[in-house]
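*Asks:* Sequence:
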Amino acid sequence: MPQGERIQIAQHRAEELSAFYSHLTLFGGVMALLAVFDAVSGGGWWFQWPLLGWSVGLVAHALTVWAHRLWGPEWEERKTTGLLARAGAGPLR
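For the sequence shown, position 93 (counting from the first letter as 1) is numbered 124 according to my numbering, and the numbering increases by one without interruption.
Rather than coming from a laboratory, the hints here were simulated on the basis of the structure.
Check each hint, because a few of them may be wrong.
To be verified - Each pair of labels, with its calculated beta carbon distance range:
#1 ALA70 x GLN39: 44 to 50 Å
#2 VAL67 x ARG109: 41 to 47 Å
#3 VAL61 x LEU115: 44 to 50 Å
As the structure is a prediction and not an experimental result, all values here were calculated from the model.
Ideal Cβ positions, reconstructed from N, Cα and C, are used throughout, including at glycine.
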């Protein structure tokens with residue numbers, strides 16, 4: 032893989048991670064505020080519903096950021112290399 036392409040992939044990955052960590056930070060802050068409002072309002076327990084809904088979105092965002100490492104081409108290459116090494120064939124490169 033050419034160096035320029037590797038740089039672009041790394042930059043894109045850094046942007047994905049930055050966006051996810053921003054999302055996670057916002058989630059934590061808003062959920063903390065909603066928990067406080069729910070506790071002081073005294074009008075029934077409603078905090079779990081936005082927590083549940085936003086958690087689903089946060090998990091979906093996390094999967095888009097990390098799923099390619101679990102099931103993508105990089106995983107296939109690592110797995111193939113590992114299986115070949117166990118069979119005594121050595122690494123692919």
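*Asks:* Out of the numbered hints, which ones does the structure contradict?
*Replies:* Of the numbered hints, all hold.
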